[in-house]
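Number of protein chains: 4
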Amino acid sequence: MIVVMEPTATKEQVNAIIERVEAVGCKTHPIIGAERTVIGVIGDGRVIDARQIGRMIGVETVMPISKPYKGASREFKPQDTIIQVGNVTIGGKELVMMAGPCSVEGRSQLLEVAHACKEAGAHILRGGAYKPRSSPYSFQGLGEEGLRYLAEAREATGMPVITEVMEPALVPLVCDYADILQVGARNMQNYALLNAIGKSGHPVLLKRSFSGTIEEWLMSAEYILSHGNNNVMLCERGIRANETETRNTLDISAVPVIKHLSHLPIIVDPSHATGKWEYVGATSKAAVAAGADGVILEVHPKPDEAWSDGRQSLKPEKYAALVQEMRAVALAVGRSVPSNQTTIGQNGHGKRPLLVPTP
Amino acid sequence: MIVVMEPTATKEQVNAIIERVEAVGCKTHPIIGAERTVIGVIGDGRVIDARQIGRMIGVETVMPISKPYKGASREFKPQDTIIQVGNVTIGGKELVMMAGPCSVEGRSQLLEVAHACKEAGAHILRGGAYKPRSSPYSFQGLGEEGLRYLAEAREATGMPVITEVMEPALVPLVCDYADILQVGARNMQNYALLNAIGKSGHPVLLKRSFSGTIEEWLMSAEYILSHGNNNVMLCERGIRANETETRNTLDISAVPVIKHLSHLPIIVDPSHATGKWEYVGATSKAAVAAGADGVILEVHPKPDEAWSDGRQSLKPEKYAALVQEMRAVALAVGRSVPSNQTTIGQNGHGKRPLLVPTP
Amino acid sequence: MIVVMEPTATKEQVNAIIERVEAVGCKTHPIIGAERTVIGVIGDGRVIDARQIGRMIGVETVMPISKPYKGASREFKPQDTIIQVGNVTIGGKELVMMAGPCSVEGRSQLLEVAHACKEAGAHILRGGAYKPRSSPYSFQGLGEEGLRYLAEAREATGMPVITEVMEPALVPLVCDYADILQVGARNMQNYALLNAIGKSGHPVLLKRSFSGTIEEWLMSAEYILSHGNNNVMLCERGIRANETETRNTLDISAVPVIKHLSHLPIIVDPSHATGKWEYVGATSKAAVAAGADGVILEVHPKPDEAWSDGRQSLKPEKYAALVQEMRAVALAVGRSVPSNQTTIGQNGHGKRPLLVPTP
Amino acid sequence: MIVVMEPTATKEQVNAIIERVEAVGCKTHPIIGAERTVIGVIGDGRVIDARQIGRMIGVETVMPISKPYKGASREFKPQDTIIQVGNVTIGGKELVMMAGPCSVEGRSQLLEVAHACKEAGAHILRGGAYKPRSSPYSFQGLGEEGLRYLAEAREATGMPVITEVMEPALVPLVCDYADILQVGARNMQNYALLNAIGKSGHPVLLKRSFSGTIEEWLMSAEYILSHGNNNVMLCERGIRANETETRNTLDISAVPVIKHLSHLPIIVDPSHATGKWEYVGATSKAAVAAGADGVILEVHPKPDEAWSDGRQSLKPEKYAALVQEMRAVALAVGRSVPSNQTTIGQNGHGKRPLLVPTP
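From first to last, the protein sequence lines stand for chains A, B, C and D. With the numbering used here applied, the first sequence has no gaps in its numbers, which climb one by one up to 359 at the end. With the numbering used here applied, the second sequence has no gaps in its numbers, which climb one by one up to 359 at the end. With the numbering used here applied, the third sequence has no gaps in its numbers, which climb one by one up to 359 at the end. With the numbering used here applied, the fourth sequence has no gaps in its numbers, which climb one by one up to 359 at the end.
Any given hint could be a false lead.
[Said to hold, decoys possible] Straight line, CA to CA, 27 Å or less: simulated DSSO-like cross-link-like pairs of lysine-lysine:
hint, chain 1, residue 1, chain 2, residue 2
1, D, K11, B, K67
2, C, K67, C, K27
3, C, K315, D, K11
4, C, K11, D, K315
5, B, K93, C, K11
6, C, K27, A, K27
7, C, K77, A, K70
8, A, K93, D, K276
9, A, K67, B, K276
10, A, K276, B, K67
11, B, K93, A, K302
12, D, K11, B, K27
13, D, K11, A, K276
14, C, K318, D, K276
15, D, K70, A, K276
16, B, K11, A, K276
Calculated directly from the structure, the hints in this document are not laboratory data.
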């Protein structure tokens, strides 16, 4: 930690910093410059709160040198985290394809989409039973009924399912039905929810918030990891910037940045990032080329009748073609998109895929 | 609602929109232009989901004409909402001064600050018992112990207290101790929390999220209002933009915008908006001049020893001077900052201020 | 300057930095921590390019300690810069009111507005002869004809005039007609233009760019100052953020930040910041309360017939009332809005106000 | 154009809009809703300024239906624009690789880099002779001396060169030396510069500004096109958002968006977008996968000694490997990266590549 004092800071103020820092066992190296004094602090950054020091009188700014996250960092765990969900492996050389409707609208709709997604090559079925909606008057999802349809679709297709959970009290229920929990962008810093998921040990896909920095995102992952739940995947779904032609701005650089800073798998969600199916193909291929561990997409047989987000949904035939295109790009960058015949359903249809968390 | 079709939209696609919209009782006015067709839709916008229509095949974009919020809008309720908390009136001609430490650090610290804030002219005591921290390793607040100290400080000073609540399960407990609940920026779209608060009927201060639009913010207020809880105050606390000299960017225009679009009181939080006490004075006075109904500030006797956010805290003597300056600005714009001797404590120290929700 | 090495940096890489830095006469203080090495550099930051060092192999990041601007900084010149334009003093205790139409649309329109603004209390007349328009097909301004009308309006009212200049080649021409040059947001980093204005010595109002940081803005001022032209005013006109209800987001904190970091006067432009006349009054008063040295506003007798930006223009009678309101706020914060009878026109109508640059 | 009136708009205000619009030959379709009136306007949107109408009294907002750009739109010119620079074809099925140092630092440095880039597979040599620097005290480029070295490097390698021009007065000089002009992000809306380049007819690479929308960017292209200069390439180089781990945020979606809205070629600049060489490889491959027509990269033999932006520069051997990787991705998406032996130098080394503008 580097503490930069104001030009007008007094000797007493400098000493106050030094005392405070040394009191918790750190060493200090004051550097007295022409205009101001700078104090280098050596020791475990986690015993001192940089913000707390940084806001002492006479301090202009503080630069933390150590990253604030630990368990999520690649320095802490150099090898990639690999998460096993049923027969699907996430985070290795093989990419995972997640697909399905934005909302679970009904039993037959979901089964139809699920079969179509499987035929198209998807490994994991997505679908929202609880929907975060900006309006209290909008459709909020089918709730547990939707969860039951998801479980039924898993039985029918052998695909593990992922679905969003929005409040701590519902974590056990959603764990009962889903193979992977999803934390939406609005809840990235809903700490009570993160703690409940951490305690559950269940695999989770943590979406980045609308204006969250990568550091904040990894700190939210740290909340889950700190409970011993290592089955965390990150999901880049677009952030807010000035552009209005797309719903959000896909931060494609987040893929190599996460790979550099962390060992956690990173999935990209081009549907929410762009908000328009026209742009989903190009950005999905870009995600694969950039090194993403998977791509999650919205697929709907009749996008114009979808109850939510139809504009960003692909028809199954378009999705099937896109999976082939992503496969070609994956091969070009030394990865692969495995056939879903070899990765799923081996343990028999109608049987829930085993959760095998990595140690 | 205006539906703009793509230049290549077919007659069938146009008809599909018309049928869908008329099926729910709305009227349509198609306008066939040189390049594309536009459909004007007349009827209650709340029976159709603009996003759902907007994402049908052949649709380029949809422009909602009605605002998506209803109960929060000034069209729905032209007169200002006035919220009574004990003897303090919020939202009328008189401004409310809220002050206190970022975190409740201990019993004696809180009592000292509380008395200092009261002497300085504050009407309401703020203090965090549950702290949202980006790191799981940071101090997370004293929890219920902190709530007890807040209640004790209320007894001692007669000031109502405001404190943050972060999860639905804790709403009843926090209601037991606090006069006003606070929803932090990270939780603006934590719908389970908003619903729980809506059901509680308790006064609440709803902070704007880091990158939330004013419309999204009002929609979050709508979640609370839709349960019949009309005691909602909004709080502008700075949004994220490019500037780094301040912690966030105070959106001062939000004050007149909220006054124009809504009847709800608007409070400004210059401490979190700027993150530096040097800039708190100027922005507090700006908030008053812009028409805010109150200002919430962090005050700490020893900012350099504060456990969180000391850099943005004012010393009590600086705060006392600032209250006088805000009072002068309030008078210049036809408002006033009432003495806290006349507004609080009339019902006797040691007695909890009555909650008198407006009908 | 603090140089933070990567955890994997070699001793050779650390030494390479030290050699490079010491070669230009700076001293170094390496601090060897548990995870990485940090090098404190003492000396004139302006002899080394922080970015250049920061991008050497093995360097993770560089934190400049000295500010990159010098002439614009308050450390360099503690007392406020006061700019005299004719009989109008900018930057002192008295505030300056600038007003006029967005565009000069014609001779009679401009004279009418000019007289109305003067009656309302304005000190300086604004009006665009060269208009930066995002479309090449939009009205681009009357050019030199517009400049002549501005000069005529100055003759008629005694008010100095401010107008935008967009390219280096036109600086001499615009200097011939206008008392203050304006650099628009799009040209904040048009260095050829800044250099030409710097050489002219003419008073200039430098607008902040759409997403410019305060540091970049001050660096652009530094371009002008570095030529010996000290007559620089800064103008906050709103930056880009997520909010769409206003055209831009007025960064009100920029006022105290500029006052803290620099000695240059700061003017606020609520018309462009909000884009809607409804919000101009509240934000103008906020600017005065925050400590701005002046407010520039768009005034048009018939906003609905204005050739550009009519929606954000005030009618003269509204402007006159607002000047009185700003005057009341100014008094509340220990400043004043002087009568324009005492400040302008003393040197006789028909005579160009003298430019008296401060030394 | 759709004009949405305020709920309180009077019949007279509605009629005023209708008269104004019909006066220029457009037809109107008023739609009277429960809450407010909406006016559909049919006719050439370019004869009315939407902003002007939109700011008339009683108008709440205006939604332009036609795009404001014409020459840049795909509706106007459905087939892709192909630009021929010497023997290099830009905008077709083959991708173009542009590479070189950020700044031209000297004759031998440039020749060394140029040869290395050519060997690595680049088609076009980049290098800055005029550098836009935020500080007036930073190295501003070698100027015309740098241009001469670029011309010499072209002689020596047969590669056409691209370099930035920053002011209108220098356009003729830079055209004399360079095959492609570059407009930097800071100058995207420097209209005098765009006009001068438009008149020159010279090929130009137009970078997107820091916070420019895609519509504004296309409008800036329209400035150049409106002079009959059709040799316009667009360059996405990252925009400003909240993330700080990368220098800017690469808007990868801009690639398919530009392809959808416009016929102009789009080049991606991962060096400036990310600011760190570690992230350049992944984002370059993403750009190719997303459909970019080319990639421009910074290459420097000794990045740690570079005078500017060394941190984001690749060493030649890394660049050579990356070209091969991009080639593999290009093939996976049905494009190709041609050998530079077949595309350049055919007209003989030492001879300036012919400029063959497309009609």
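Item checked: Satisfaction of hint between K302 of chain A and K93 of chain B, Cα-Cα up to 27 Å -> violated, 54 Å
Margin query: Just to be careful, I want the Cα atoms of K67 of chain C and K27 of chain C compared with a cutoff of 27 Å; is the pair within it?
Written below: holds, 18 Å
Checklist line | Holds or violated: K318 of chain C to K276 of chain D, with C-alpha atoms at most 27 Å apart | finding: violated, 52 Å
Margin query: What's the verdict on K11 of chain D and K27 of chain B, does the C-alpha distance respect the 27 Å limit or exceed it?
Written below: holds, 22 Å
Note to self: Holds or violated: K276 of chain A and K67 of chain B, Cα atoms, limit 27 Å.
What the structure shows: With a Cα-Cα distance of about 23 Å, the restraint between K276 of chain A and K67 of chain B holds, given a limit of 27 Å.
Notebook entry, point to check: Are K315 of chain C and K11 of chain D close enough, with their CA atoms no more than 27 Å apart?
Noted result: This hinted pair holds, its Cα atoms lying about 21 Å apart.
Checklist line | Given hint K276 of chain A paired with K11 of chain D - CA-CA distance at most 27 Å | finding: Violated, because 39 Å separates the two Cα atoms, which is more than 27 Å.
Next item on the list: For the pair supplied as a hint, K93 of chain A and K276 of chain D, confirm whether the alpha-carbon distance does not exceed 27 Å.
Entry: Cα-Cα ~25 Å, so holds.
Checklist line | Pairwise hint evaluation, K11 of chain C against K93 of chain B, where the allowed Cα distance is 27 Å at most | finding: Not satisfied, since the Cα-Cα distance of roughly 67 Å exceeds 27 Å.
Checklist line | Straight-line alpha-carbon gap K77 of chain C to K70 of chain A, limit 27 Å | finding: Given pair K77 of chain C, K70 of chain A is violated - Cα atoms ~45 Å apart, limit 27 Å.
Item checked: Restraint status (C-alpha distance of K11 of chain D to K67 of chain B at most 27 Å) -> This hinted pair holds, its Cα atoms lying about 22 Å apart.
Margin query: Need the status of pair K11 of chain C, K315 of chain D: alpha-carbon distance at most 27 Å?
Written below: holds, 21 Å
Checked against the numbered hints given earlier, this structure breaks hints 5, 7, 11, 13, 14; the rest are met.
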